[in-house]
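S.K.: Those protein sequence lines, which keep their order, are chains P and Z.
At position 222 of the first sequence the residue is numbered 222 (the working numbering), and the sequence of numbers has no breaks.
At position 245 of the second sequence the residue is numbered 1245 (the working numbering), and the sequence of numbers has no breaks.
Just to be clear, a hint being listed does not mean it is correct.
Under the rule of at most 20 Å between Cα atoms (straight-line distance), these lysine-lysine pairs were calculated in the PhoX-like manner [stated by the list, open to error]: (1) P:Lys79 / P:Lys52; (2) Z:Lys1235 / P:Lys373; (3) P:Lys281 / P:Lys373; (4) Z:Lys1235 / P:Lys203; (5) P:Lys186 / P:Lys98.
Derived, one-sided and incomplete: chain P residues facing chain Z with beta-carbon distance under 10 Å [unchecked claim]: (6) Leu39; (7) Thr118; (8) Gly196; (9) Ile200; (10) Glu234.
Think of the hints as simulated: they come from the structure by calculation, not from any bench.
From the three backbone atoms N, C-alpha and C, an ideal C-beta is built for every residue, glycine too.
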Amino acid sequence: MNLAFEGLTERLQNAIGKLRKKGKVTESDVREMMREVRLALLEADVNFTVVKDFVKQVRERAVGAEVLESLTPAQQIVKIVNDELTKTMGEAAVPLNKAPHIPTIIMMVGLQGAGKTTTAGKLANYLIKNEKARPLLIAADVYRPAAVDQLKTIGQQLNVPVFDMGTDHDPVEIVKQGMIQADLQKNDYVIIDTAGRLQIDEKLMTELADIEAEVQPNEILLTVDAMTGQAATEVAKGFNERLNITGVVLTKLDGDTRGGAALSIRAVTGKPIKFTGQGEKLDQLDVFYPDRMANRILGMGDMMSLIEKAQNDFDEKQAAAMAEKIKENSFDFNDFLDQMDQIQKMGPLDEIMKMIPGVANNPAMKNMNISPKEMDHIKAIVYSMTPAEREEPKILNASRKRRLAAGSGRPIQEVNRMIKQFDMSSKMMQQMSKGNMSGMEGLFGNGVQGKLGKMAMSSMARKQKKRKKKRLKNAKRFKS
Amino acid sequence: MGLFDKIKKAFTGGNADVPEQQEETTEKYEAGLEKSRQTFGQKINALFANFRTVDEGFFDDLEEMLIESDVGYETALRISDELREEVKLKNVKRSDEVSQVIVEKLVDLYGEAGQDEDNALHFTDNGQPTVFLFVGVNGAGKTTTIGKLAHRYRQAGKKVLLAAGDTFRAGAIEQLQEWGRRVDVPVVASQPGGDPAAVVFDAVKTAQQEHYDILLVDTAGRLQNKVNLMNELEKIKRVIKRELPNAPQEVLLVLDASTGQNALSQAKQFNETTQVSGIVLTKLDGTARGGIVLAIRNELHIPVKLVGLGEKMDDLQDFNPTQFIYGLFKGLIDIPETTDDGTNTSEFKSDSENTQD
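Extracted from the complex, chain P is given alone in its bound form (with noise of 0.2 Å):
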């Protein structure tokens, strides 16, 4: 999701930034920018109907009198966008379905390749997170090489059951005799796994309309690759003729496509998104929602998703184990550790960083890559340190920070360069400690506006603090 609409987000920006500059807005101002708004939306591979629908819409409300002539036409202009785009792609998260009783059967259909498998995983271990669920996979893909295998080691990774009968049974009887076995272990989720396909192959289209008939399930999720192109509607209309399929799962969201199926999906099929996949790790499921999404195009940020995520990834459990004294308005090595393992654990931070309003469309941040190696290596170098010089910046000298780059297998520069940000992270640390946002404006390229984000910014600093409370407290435990 975060790179997902970079493209789109920077065309849009372009095209209501030339508004913003204009003090008065006419008709033929508005008509200008939504033909560079289809442009882009075309571009990103938006289907060709939701786009002229999309443009109509927008247009029609944009050259209202009301719009025009009031103060803030740019401003309001821009709602319209964002309110059209939540609405097309469905106003509000829609939840899985459920079954009344035990369990719940979701069945993944879709092409081969748009990641029905590794979702089905990531699927059951979001269900156990949030629900304590106690999923069973059914692994019916009998066609593709090895597919059970895989389902079998993701089931291993999870730690949750797979029902599998190798590739020599009908999928049909697959899923029947899965079922019975659901039963037996009292399952309350059933997650059925099956072949890709093409929504034109008629044999195939009849084995999952036949496991349809067979065990009713709850939810048909669709996978939709985020990556294909105008066919996506097509494929949607043909899997949705033959199956009830109740919602879609966007997947590969985190390539930099610019993501016109979130945009099409919804409109074309009527059916939700309800979940996106983005990154190869099982846990990285999101629920959709549309107008977080919306906002994110348009390159306003998503505070409430990063809130959330750093919510569910701060360890308290680490925070609890931690005890007394107060070195406070100090910022050292470990402070610095703490705080990266708190990010990372938060995500990629390219991904985090585009959540922050006012970065995703900054070109400062345009071509930041920040690649996860990079971080372990900047921890390399901390965990090469003595006590004492982790404690004590200061005593680093140039003896020692030979010694620290032999001891982490890095350069001698990339050591200067990552003293040089810990003495910028330092500086930025005090002075958020003390509340002072000032001299802070230059460090995201005036990024970080607003009240939303200086909220953000000192509720940063202040788990920062308290954890480090907890730490010192602890590790004075640990001494005595």
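Chain P is fixed; fit chain Z onto it per the hints.
M.R.: Frame of chain P, contents of chain Z only:
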């Protein structure tokens, strides 16, 4: 002679460019592209069903049709601009004439962009093993393509070795091993989670020592914007090159034909890290609109070398641009009469009605 003329000849039957032995492949193309062609054909027909006069509205519709076929915005704009000129120049007014000009232009544009294109796969001639490295995003069809290709070379009597360089995805190694069993070809593999470069190194060594003809290297799917994963790919290539300076003979980017404009970004980024020598377009039999082939040609100039036209082992075909476009435009060249296509048109109309609800 423009490509259009060539194809026209092929179509009318009096052509030496499509010899007898290729007949079968041509049929495969036709069958595989059935769906793509329907879409393309239906669209052009629908376009002319609404045709009244050659005006701006008409070119807007044409632009839309091209975009819907995934040719990409830039290409669509260029084509419609050039057509605008052409139509003015030739002063055509009747719908069948205009249609003819459009198809002609499309075919020629396509031919032009691919002028010096080399669609053949390359092999060594010095007795060393030939190495093909397969790269691409997740789920594009790398492993399946390797399986099919292994089958092809095995049938041709070559000594083929596979390297399971996808140590990351669950079940990927098993998948390749299963292919190895099916087509009776050995697979070099390590434990899941192992270093892919090490596996590839072992495979290259084995290929050298045991005198294999061809080594096909599978890699894990990766999104092109993941820097660290792309670096890993670079390393794999470096390892191959260190052992066999002329290898890999081909770096093949596997692309899912239903991918939209992101395909261009994929090709660009993979090309930057591994110097892609050719493209394998998979799943072209299903949802593909063929447009992306045009886009790739026009904007990237990386030749398509193989296409997947179906699920069966021998459905992986060498890409033949002439046959491809012949398959795509069959039924459109020379027969644009609207009466002929009444059924198609109404079908499309009901389609688009569905789209709007």
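S.K.: Tell me, in ascending order, the numbers of any earlier hints that this structure violates.
M.R.: Failing hint: just 4.
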